[in-house]
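Enquirer: We have chain A already, so just place chains B, C and D on it with the hints.
Protein chains in written order, with the numbering used here: chain A, 1 to 108; chain B, 1 to 108; chain C, 1 to 108; chain D, 1 to 108.
Be aware that a few hints might be false.
Note that identical chains are pooled: a pair holds if it fits in a single copy or bridges any two copies.
Each computed DMTMM-like pair below joins lysine to aspartate or glutamate, with the alpha-carbon atoms no more than 20 Å apart [what the hints assert, rightly or not]:
(1) Lys63 / Glu21
(2) Lys63 / Asp88
(3) Lys63 / Asp95
(4) Lys63 / Glu101
(5) Lys63 / Glu108
(6) Lys63 / Glu86
(7) Lys63 / Asp5
(8) Lys63 / Glu52
(9) Lys63 / Glu11
Quick caveat, the hints were computed from the structure, so don't treat them as lab data.
Protein chains: 4
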Amino acid sequence: MADLDIASLQERLSEFAAAREWGRYHTPKNLAMALMVEAGELAEIFQWLTPEESADVMSDPEKAFRVRDEVADVLAYLLQLASACEVDVLTALADKIDRNERRFPPPE
Amino acid sequence: MADLDIASLQERLSEFAAAREWGRYHTPKNLAMALMVEAGELAEIFQWLTPEESADVMSDPEKAFRVRDEVADVLAYLLQLASACEVDVLTALADKIDRNERRFPPPE
Amino acid sequence: MADLDIASLQERLSEFAAAREWGRYHTPKNLAMALMVEAGELAEIFQWLTPEESADVMSDPEKAFRVRDEVADVLAYLLQLASACEVDVLTALADKIDRNERRFPPPE
Amino acid sequence: MADLDIASLQERLSEFAAAREWGRYHTPKNLAMALMVEAGELAEIFQWLTPEESADVMSDPEKAFRVRDEVADVLAYLLQLASACEVDVLTALADKIDRNERRFPPPE
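In isolation and in its complexed conformation, chain A is listed as follows:
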């Protein structure tokens, strides 16, 4: 079974694209564009829902499948963009949380 960590998934995505010779399409610009398109497909699931309906979205098996599927697509393009730009996504996020903790101090 494949290891379930970010680095292993990033490696699988990289091998997947290389085997299909998709590398020439995978410029950072194209990957950023594809990421935004997939984020749109994820948002589409929620666009006409009330806040309450959106909180309950996973109780519908068909919608739940779509949410998981689109979350995966967004993550796939995010990781491929990060590989192309040599960004370590975990470090980038940890650094951002650090900055946000200084920028938005918690209420007393």
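Expert: Chains B, C and D only, in chain A's frame:
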């Protein structure tokens, strides 16, 4: 030092939002919308670049910072949406790669 | 034949939604979200194209149909959002061009 | 005073870009990407609002200015993309409404 894995970052994001009482804003719908908005901010860095310039984006320290910062923002909202929907992002992506390997067989 | 101007199209869109009782879905927030989703579908047509291929996109009849179709969807949600917010889109754009002419003076 | 119709605004946008020699940036692909980015900036205004707050967004003068400003930006890129692809936006939308009237018949 904080552990650098997805589950730990997801926990930090959850505590960060809880401490600021942002939970009521964090419906799946709002998080999906914020994710798309952040994906737009990431794409903005690349929108006027040629493919070649986009491949070289990280050689500019100011743009490199923005890329890391926006990648972090996209991941932050993706993880918060995943928490709200109880989606395991690593499993979702591994399953999606499995499906894609069947859907797009590699050339012989 | 229907008049082809913005106001008439805005009126047709309004009657279309009213006849289907879609008004309760058409909050400014939902319309802004749907607009972004449609902009993503328009961008999807171009995401893997080179700049040169994108300049030639209309020579492919199937892609040309999709471009016209998605341009129409983006405009439809933009006009419905503008109606909901009582924004006159033509005045808003004329004012913005005025501001941009002051902000970005043309080279000598 | 400038005429306020789509064709005149499209002409002003075209002259504006030509005077600044921005034409080489304005491939259909880049314009579609910029359109999506601006749609994201418009959506950002609404992302944390309740449906009720979003319906009342124009009562806040600062938010009302942003809505008009971002609506103008979205329309500007949509018209520039339409010019680049020789799409008549009014005809495209009228045709789309015709198709939708057949696809979604009104309830009896």
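Enquirer: Hint compliance check: list the failing hint numbers for this structure, sorted ascending.
Expert: When the structure is compared with the hints, numbers 1, 4, 5, 7 and 9 turn out to be violated.
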